[in-house]
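With these hints in hand, go ahead and build the complete structure from the sequences.
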Amino acid sequence: MGNVKLLSGNEAIAAGAYRAGCAVAAAYPGTPSTEILENIAKFGGRIDCEWSVNEKVAMEVAVGASIAGVRSLAAMKHVGLNVAMDPLMTYTYIGTNGGLVVVSADDPGMHSSQNEQDNRVLVKFARAVQLEPSDSQEAYDMTRAAFDISERTGAIVFLRMTTRTSHSSSLVDLGEDYEYGDAGSRGYVKDITRYVSVPANARAMRFRAEERSKALLAESEASEFNREFIAEGSEIGIVTSAVAYEYAAEVFPDCSILKLGFTNPLPEKRVRKFASRVKRLYVVEELDHVLRDAIECAGVKTDRFKTELSMMELNPDRLRELRREIMGDGSAAPAPKRSLPDFVPQLPTRPPVLCAGCSHRGVFYILSKLGATVSGDIGCYTLGCVPPLSAMDTTICMGASIGAAFGMAKAGFRGRLAAVIGDSTFFHSGMTGLLDVVYNKGGITVVVLDNRITGMTGHQDNPGSGRTLLGEPTVKTSIAEVARALGVRRVREVSAYDIPALETALKEELDVTDEPSVVVVFGSCVLASKRNVGAIPDSVDSAACKACGACFKLGCPAIVRGEKVGERFKASIDPAACIGCGVCSQVCRFGAIRSGKTAGNLA
Amino acid sequence: MKDTVNVTLVGVGGQGILLTSEILGRAAALAGFDVKKSEVHGMSQRGGSVTSQVRFGRHVYSPVIPFGETDVLVAFEKLEAVRCFALLSPGGKALVDVREIVPVTVSSGQQVPVADQDGVLARLYEGRAVYTDSCAVARKLGNMRTSNMVIAGALSMMLDIPGECWVDAIKARLPEKIRDINIRAFEEGSAGLSETSV
Ligand SMILES: Cc1ncc(C[n+]2csc(CCOP(=O)(O)OP(=O)(O)O)c2C)c(N)n1
Numbered sequence: 001m002g003n004v005k006l007l008s009g010n011e012a013i014a015a016g017a018y019r020a021g022c023a024v025a026a027a028y029p030g031t032p033s034t035e036i037l038e039n040i041a042k043f044g045g046r047i048d049c050e051w052s053v054n055e056k057v058a059m060e061v062a063v064g065a066s067i068a069g070v071r072s073l074a075a076m077k078h079v080g081l082n083v084a085m086d087p088l089m090t091y092t093y094i095g096t097n098g099g100l101v102v103v104s105a106d107d108p109g110m111h112s113s114q115n116e117q118d119n120r121v122l123v124k125f126a127r128a129v130q131l132e133p134s135d136s137q138e139a140y141d142m143t144r145a146a147f148d149i150s151e152r153t154g155a156i157v158f159l160r161m162t163t164r165t166s167h168s169s170s171l172v173d174l175g176e177d178y179e180y181g182d183a184g185s186r187g188y189v190k191d192i193t194r195y196v197s198v199p200a201n202a203r204a205m206r207f208r209a210e211e212r213s214k215a216l217l218a219e220s221e222a223s224e225f226n227r228e229f230i231a232e233g234s235e236i237g238i239v240t241s242a243v244a245y246e247y248a249a250e251v252f253p254d255c256s257i258l259k260l261g262f263t264n265p266l267p268e269k270r271v272r273k274f275a276s277r278v279k280r281l282y283v284v285e286e287l288d289h290v291l292r293d294a295i296e297c298a299g300v301k302t303d304r305f306k307t308e309l310s311m312m313e314l315n316p317d318r319l320r321e322l323r324r325e326i327m328g329d330g331s332a333a334p335a336p337k338r339s340l341p342d343f344v345p346q347l348p349t350r351p352p353v354l355c356a357g358c359s360h361r362g363v364f365y366i367l368s369k370l371g372a373t374v375s376g377d378i379g380c381y382t383l384g385c386v387p388p389l390s391a392m393d394t395t396i397c398m399g400a401s402i403g404a405a406f407g408m409a410k411a412g413f414r415g416r417l418a419a420v421i422g423d424s425t426f427f428h429s430g431m432t433g434l435l436d437v438v439y440n441k442g443g444i445t446v447v448v449l450d451n452r453i454t455g456m457t458g459h460q461d462n463p464g465s466g467r468t469l470l471g472e473p474t475v476k477t478s479i480a481e482v483a484r485a486l487g488v489r490r491v492r493e494v495s496a497y498d499i500p501a502l503e504t505a506l507k508e509e510l511d512v513t514d515e516p517s518v519v520v521v522f523g524s525c526v527l528a529s530k531r532n533v534g535a536i537p538d539s540v541d542s543a544a545c546k547a548c549g550a551c552f553k554l555g556c557p558a559i560v561r562g563e564k565v566g567e568r569f570k571a572s573i574d575p576a577a578c579i580g581c582g583v584c585s586q587v588c589r590f591g592a593i594r595s596g597k598t599a600g601n602l603a
Numbered sequence: 604m605k606d607t608v609n610v611t612l613v614g615v616g617g618q619g620i621l622l623t624s625e626i627l628g629r630a631a632a633l634a635g636f637d638v639k640k641s642e643v644h645g646m647s648q649r650g651g652s653v654t655s656q657v658r659f660g661r662h663v664y665s666p667v668i669p670f671g672e673t674d675v676l677v678a679f680e681k682l683e684a685v686r687c688f689a690l691l692s693p694g695g696k697a698l699v700d701v702r703e704i705v706p707v708t709v710s711s712g713q714q715v716p717v718a719d720q721d722g723v724l725a726r727l728y729e730g731r732a733v734y735t736d737s738c739a740v741a742r743k744l745g746n747m748r749t750s751n752m753v754i755a756g757a758l759s760m761m762l763d764i765p766g767e768c769w770v771d772a773i774k775a776r777l778p779e780k781i782r783d784i785n786i787r788a789f790e791e792g793s794a795g796l797s798e799t800s801v
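Those sequence lines, one after another, are chains L and E. Using this note's numbering, read the first sequence as starting at 1 and increasing by one per residue. Using this note's numbering, read the second sequence as starting at 604 and increasing by one per residue.
These are calculated hints, taken from the structure and not from any lab test. Some hints here could point you the wrong way.
[To be verified] Some chain L residues close to chain E (C-beta under 7 Å, calculated; not the full set): (1) Met110; (2) Ser168; (3) Glu246; (4) Asn315; (5) Pro316; (6) Arg338; (7) Leu340; (8) Thr474; (9) Val560.
Glycine included, each C-beta is placed from N, C-alpha and C at the ideal position.
Given below as C-alpha cells:
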C-alpha cells in the first residue's frame, strides 16, 4: 500500500517541500495557510523556517534565499499577498535562481477573512506559474514539481490553495523514498545586470520575462497536471480546476471533464482540442471567471449559464443546480429542504465570542463606557465589535487602525478617538502608521492590546513573545520602547486586568489631542498561557447582587443569568467557564462579586 | 453498502470534535477505504459551532457532503443536534450525546432558549437516534477529556469499520500517556451502545 497517510492540504505542502529539498521557508500566519509553516517546523530545523513579521518580509526572505541559490517557500493567506506584491512584481522580472514557490491560500466564502479576493488574478498579473491542487495528493505532488518548474524556467511558481483544499484531509502516497531531498545550492554569482533592477537593467529583464512566458506555455501544454476525462457519447464538456474539479466529477460523471492543474499560463492547445470534442463547453471554477476569460481570450467560445457560481464557496449542491439548468434532465434530485419542521422554534445562535477572562474585554468595556469612537483592526479583539460591548467602529485590513484614525482626525472628527490594534498586528504593519502620526504632528491615541501572541490564527509566536517559530528563545521586543523610539512621548503600560487604572489611563490619553499617545495594555492570552487551567473562579454573592446588569455589559461567557428579580436578573458565574480574572468584580458597584484567582502568569 | 458513507460531526468548540473526526478518518483509511475529511477551523476555539465531515468509500470525490445526505449525524451537544437535523438523509441515523452547552447569547439574555428542547429533540429524531451520555462515562473513568472517545466508541457500532482499525487509529494518533485511558473510553462507548438498540 506504499507510504500512505491521511494529510490535510497544508500538511501535504509541508511534506512536499521537505521531499523537494526546500531549504528556507517563511510565512506570516493567516487562516487557512498557517499550518504550512507549523508543519514545516516539525522537520526539526531541516528546513530553516521563520514566522516573518509580515508577508512582504516573508516574500523577501524567500526571494533572498532563491537569489543565493537554494529552494525556498513563502506562504500566506490571500490578503497577505496584497502586502507582498511589491517584491513579487519585480522578482518575477529578475527570475529565480533557486526554485521559489509561493503558497497563496484563498478563502472563498470568507470563513475567516475580510474579503474573498481571487488571487489567481494576481498570479496572472505577476506572470507567475499557477498550480491548483484539488486534493492533498496533488498538493504534495505539485509542491514537489513546483520547485523543478521554477528552476527550469526561472518563474516564480504559485500553489493556489483554498480553505477547502488547505483544511480538508485526504490520502497521500508520500512514496517509499520519502526523505529530505537535499537539493543543495545552485550558488550565487554576482551579476549586476541580472539582480539590480535599475531601469536600464529592468528593461532588459522585462524582455527576458516575456521570453520566459513562452517557455511556461510549453510547460503548461505538457503538464501531467492537466488531464482529460472523456465520457464517450457526451456532448457536454466541463473545464474546471482545484476543488471545483472534485465537485464536478461527482455531479457530472456522465460528462467529459478537462481538469486543469497548471492554469497559468493556460494550456491553450489542450483546451482547444478538448473543446473540439464536445458540443457544449462550460467552465466551472470557484470565484472569479479567471479560467473562462483566459479560454475566451484564446479564441475558444464557451457556453454561459445562469446559475450563479462566482461568489462564495462552491459545493456539490451548487453544481447540481447547474446540472439542472444545463442538462434539464431531472437526473439531479431536487434540492432537499433546508428548513426545520414548523414545531421547531427559532434557535439561539452560537457566535464566536471573546473567551472568558480574555485580556481584551476590559479595554472595550472602558472604551464603550467613555463613548470613544474606535478605529479597529484585525485579530481576536475584532470581537470587541460584538454586542453587548459593541466597541469597534471600523475594521479594514491589518494595520489600518492607526492610519484610518489619523485620517478621521484630519477630517475634523470631534470626540474621543482611539486606534485599537493587537501586538502581532502592530509589528505587522502598525509601526509605520504610528510613525506617520508622529511625523505629521497627529494627536490620536493608539491602544495596543499586547497579549504576547498572535491569538486569532491559533497562537503563533511574534516579536513580542520572545520565542521563534521553532520555540527557541529570542529578543523580546517591547512595544512601549518601539513607540518611544518612533518619537511618541506619552507612552503608558497598563494591566488589562486593572480596570480603574485602565479607565484613568484611557480617559487621560484620549483627552489629550495635541500629541500622539500610546497605551500598551498587557495581559497574556488565556488560551495560549493556559491560565484557565487550575484557576479559582470568581463568584457572586447572590444576596448582595442588585440585579443592576453592569457585569452583563462585559459580555463574558462565564457570567450567566441567575435568579429573576422583577424584569431583571441577578448575575451568576459559571465556575466551569470562569478563569477568575476578576474584571467583573471591579465592575460591580455593590461588591457582590468575589474575585477568584487566575492560574499562571497574567502579564 | 452505499458507495460513499457520509458522516457529519457537530458540536461546540473544545469538545474534541476535530480529534474524533481525525480518528474516524484514519480508521476508515486503515480499513482500506478512500477517505476525505473536511472542516472549517478558525473561530472554533472561541465558543462557536463546529462541524466536521468525513466521507469514506471506494473513491471519494467531493470533500463536502451534499446537503441532506448525511448517513450518520453525530451531535456532541443537544442544541446543535436540533440545529443540524436537516443535514440528515431520509434514511440517515443520528448519535446524540445528551450534553447541553448553553450559548452565550442565551446565558446573557440576548436570545431565548428553546422551550422544551428535549421534547423538540425527541420529536425530530423519533426512531432515528441513539443517545449517549459521554460525560457520565468519562467521569466514571476519571478523565473528562475522554468523553469524545466514548462517542467515537458508540459511533463505531454504527459504521462498517472494524473495531481494531479504530483502536489502531487511536494508538497511532494519541501520545502514550493518554492512550490506554482513551482506548478504555472507546471500549466503554461501544459496549454502551451495543446494549441500546438503534
Ligand atoms: C495581511 C493579513 N495577514 C494575515 C491575516 C490573518 N490575521 C488576522 S488577525 C491576525 C493576527 C492577530 O494577532 P494580534 O494582533 O496579536 O491579535 P490577537 O488575535 O492576539 O488578539 C492575523 C495573522 C490578515 N487578516 N491579513
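Consistency of the hints with the structure:
no.	hint	in the structure
1	Met110	violated (10 Å)
2	Ser168	holds (4 Å)
3	Glu246	holds (5 Å)
4	Asn315	holds (5 Å)
5	Pro316	holds (4 Å)
6	Arg338	holds (6 Å)
7	Leu340	holds (6 Å)
8	Thr474	violated (26 Å)
9	Val560	holds (4 Å)
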